[in-house]
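From just these sequences and the hints, can you work out the full model?
Chains as they are written, first to last, in full-length UniProt numbering: chain A, 1 to 384; chain B, 1 to 291.
Don't read these hints as lab results, they were simulated from the structure. Any given hint might turn out to be false.
Unchecked claim - Only pairs whose alpha carbons sit at most 27 Å apart, straight line, appear in this in silico DSS-like list of lysine-lysine:
1. A:Lys253 <-> A:Lys231
2. A:Lys172 <-> A:Lys215
3. A:Lys215 <-> A:Lys253
4. A:Lys310 <-> B:Lys56
5. B:Lys164 <-> A:Lys311
6. B:Lys56 <-> A:Lys253
Claimed, not checked - Here are the computed distance ranges between Cβ atoms for each label pair:
7. A:Val122 <-> B:Met76: 57 to 63 Å
8. B:Arg79 <-> A:Pro125: 49 to 55 Å
9. A:Gln100 <-> B:Ala155: 52 to 58 Å
10. B:Leu225 <-> A:Asn104: 51 to 57 Å
11. A:Val122 <-> B:Leu277: 34 to 40 Å
12. A:Glu142 <-> B:Arg280: 15 to 21 Å
13. B:Gly260 <-> A:Gly378: 48 to 54 Å
14. A:Asn104 <-> B:Leu277: 46 to 52 Å
15. B:Leu277 <-> A:Val367: 55 to 61 Å
All values reported here derive from a predicted model rather than from experimental measurement. C-beta: ideal position from N, C-alpha, C; glycine also.
Each chain is listed here by its residues.
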Amino acid sequence: MRKQLKKFAQFTALSSLLVLSACGGNQAAGDEEGKSSGGAVKADIGVISYISGPGAAYGEAITNGLKLAQEEINGKGEVEINLVIEDSAGKQDQALTAAQKLMNSENVTGIIGPTLSTEMNVVGPEADLNGVPIMGTSTTAEGIPQIGDYVFRNSLPEALAIPAAIDKAIEKYDAKKVAILYGNDDVFTKSGFDTMKKAAEEKGLEILTTETFQKGQSDYNAQLTKIKGLKPDLILASALYNEGAVIMDQARKMGIDVPFVGGNGFNSPEVINIAGDAANGLIVATPWYGEKEDDKVKEFVSKYEKEYGKKPDQFAAQAYDALYIMAEALTNAGEADRDALRDALAEIKGFNGILGEFSFDEEGDVVMDPTVLVIEGGAFKEFN
Amino acid sequence: MLIEQLINGITLGSIYAIVALGFTLVFGVLGIINMAHGEIFMFGAFIGVVVTSTFKGPLWLAFLAAILVTAAMGYMLERFALRPLRNKQGVSHLAPLISTIGVSILLENLSHHIFGPGNHPFRASFAEISFQIGSITVYLVQIVIFVISVLLMYALSFWLGKTKAGKALRATAENLETASLLGVDVKRTITMTVIIASAMGGIAGILVGMAFNSVTPQMGLSIGLKGLAIIILGGMGNVKGAMAGGLILGLAETFVVVYGDSGYKDAIAFVAIIVILLIRPQGLFGQKISA
Numbered sequence: 001m002r003k004q005l006k007k008f009a010q011f012t013a014l015s016s017l018l019v020l021s022a023c024g025g026n027q028a029a030g031d032e033e034g035k036s037s038g039g040a041v042k043a044d045i046g047v048i049s050y051i052s053g054p055g056a057a058y059g060e061a062i063t064n065g066l067k068l069a070q071e072e073i074n075g076k077g078e079v080e081i082n083l084v085i086e087d088s089a090g091k092q093d094q095a096l097t098a099a100q101k102l103m104n105s106e107n108v109t110g111i112i113g114p115t116l117s118t119e120m121n122v123v124g125p126e127a128d129l130n131g132v133p134i135m136g137t138s139t140t141a142e143g144i145p146q147i148g149d150y151v152f153r154n155s156l157p158e159a160l161a162i163p164a165a166i167d168k169a170i171e172k173y174d175a176k177k178v179a180i181l182y183g184n185d186d187v188f189t190k191s192g193f194d195t196m197k198k199a200a201e202e203k204g205l206e207i208l209t210t211e212t213f214q215k216g217q218s219d220y221n222a223q224l225t226k227i228k229g230l231k232p233d234l235i236l237a238s239a240l241y242n243e244g245a246v247i248m249d250q251a252r253k254m255g256i257d258v259p260f261v262g263g264n265g266f267n268s269p270e271v272i273n274i275a276g277d278a279a280n281g282l283i284v285a286t287p288w289y290g291e292k293e294d295d296k297v298k299e300f301v302s303k304y305e306k307e308y309g310k311k312p313d314q315f316a317a318q319a320y321d322a323l324y325i326m327a328e329a330l331t332n333a334g335e336a337d338r339d340a341l342r343d344a345l346a347e348i349k350g351f352n353g354i355l356g357e358f359s360f361d362e363e364g365d366v367v368m369d370p371t372v373l374v375i376e377g378g379a380f381k382e383f384n
Numbered sequence: 001m002l003i004e005q006l007i008n009g010i011t012l013g014s015i016y017a018i019v020a021l022g023f024t025l026v027f028g029v030l031g032i033i034n035m036a037h038g039e040i041f042m043f044g045a046f047i048g049v050v051v052t053s054t055f056k057g058p059l060w061l062a063f064l065a066a067i068l069v070t071a072a073m074g075y076m077l078e079r080f081a082l083r084p085l086r087n088k089q090g091v092s093h094l095a096p097l098i099s100t101i102g103v104s105i106l107l108e109n110l111s112h113h114i115f116g117p118g119n120h121p122f123r124a125s126f127a128e129i130s131f132q133i134g135s136i137t138v139y140l141v142q143i144v145i146f147v148i149s150v151l152l153m154y155a156l157s158f159w160l161g162k163t164k165a166g167k168a169l170r171a172t173a174e175n176l177e178t179a180s181l182l183g184v185d186v187k188r189t190i191t192m193t194v195i196i197a198s199a200m201g202g203i204a205g206i207l208v209g210m211a212f213n214s215v216t217p218q219m220g221l222s223i224g225l226k227g228l229a230i231i232i233l234g235g236m237g238n239v240k241g242a243m244a245g246g247l248i249l250g251l252a253e254t255f256v257v258v259y260g261d262s263g264y265k266d267a268i269a270f271v272a273i274i275v276i277l278l279i280r281p282q283g284l285f286g287q288k289i290s291a
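The following block contains the structure:
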């Protein structure tokens, strides 16, 4: 009796497995048909984002921007995009696992993400090897699109943004001596530092001191007191906004009133929320300016605010544009094929999104003009 | 410049000292390292943020709320993570350590959910009060932090040395079974200890929030590791050692930035551990334990 029961159990298990796999097959076949017979190009786009952990705010902004764009794009009917979102927690290994899952078992046509340049450095080569087009929306470190033919980005690299900001600051404040402060445990802030140093040397600025800090640090008084004693005209700070805002707060409290020039990670409305009045005098170059007199920008900002209850930052804006770029490439490609999508992406020129006019160069890197902003009276304003 | 850096170092050192006092108290009695201490400290800081920024409450209320919440967390930590493992057959002596690590991960993620990621500013008008001596700006908070840490150290020394409860605690630390045979309510003593240590963590949390205006769910980990380094430096379970170790580390970290490379700021604590373990393994103030 018991033996029979066991056999029966085995049989049911086996048969249900068979049924399950049959279901899976059917579904896949259905999808395939949908692509060819329907007018719209149906595509799965994988998203790898920093959704949990200390930088979760970036992931939140990015996925919000993507979802908003997805809704609009799917509403238009030319392309139907399905987002498959995976969390990388800001970790290289987890980002790689997520990417492998998306490429192999989810079978996505293209990938948007991951959030950090450190993550892209491991995910990019893997995607390139598998022939899956991947586009970073927030990876601004040096050398990202150079990883391979399938690697793109629509995020303004630090190498374009920082010199633009430094130039304008020198012009306005007639700066000659600078102090540099940067986070030395993050590829992003470190690459920002390299760019700053290079830009400062090219402009003939005297670098008084170079100080470092680590992620999640809360006390910057020692470094700032040292900088204060050297009396710089400008402080170049390559920091993410979380640390950056606290640095500015402590600096202002200490009586350092010179302007700060920051990189991309420093550019967030959160700086004003965290540091309050202490944030005044932060100069950043950005692809994204939410107050721009432009109908597309205004519409995006109001929609985003209505949906998520806060103003979009550049991460949301870049993600939003990235999905539109993907959609345009998919429309041009005419099918959800990885190679066709790659070729179509490489062809994108003069795309007009909320960030302004955008093109890829031959390496898949960004061609666009940054706007330089300064925080004045608790708001970002155009810096002239 | 030098005096300002000295003030920075002492402020940082005093905060380290208060955190280390909580560590050392639990270690002294239970012989375990409470890895959740840093996260309880972080919760204290967040309660401060919630009371002063979200509800616009006064600062004394923030202190009171933080002490109450962290004390309650200390009780729960003892009740659910430590007590079930005590005096059980077959439980490794490492088990409580692992269980406090578990609690620390739980608390970090919990605060992430409740308070959200990123930095939360601490808006208390008290933190803005400062005065100028020459070109030096001194914040009242910096003085308060130092005073509180010294007061806590003396109060703790007095409590441990002179009061009945303190004696009971030391007896418990010496030998759990003997103490209980001699009529000490061991269970209550241990619970008390963990609660007091946690409440001290809560106080330290608010002080950090005020001094640095930066509160994040991740702040517990690094301060927890520093606290650990300090009690090794000062001597495990030693109150004066925790205080001295905290100040030494705070000053050392500050002066590495002044005269050396700020990249090595965090390395100091761990270099100090290695040196002290090689030269004086019992710590600066510790006594040799004959095994």
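Report task. Please write out, lowest number first, the hints stated earlier that are contradicted by the structure. Result -> Hints 2, 5, 7, 10, 12, 13 contradicted; others consistent.
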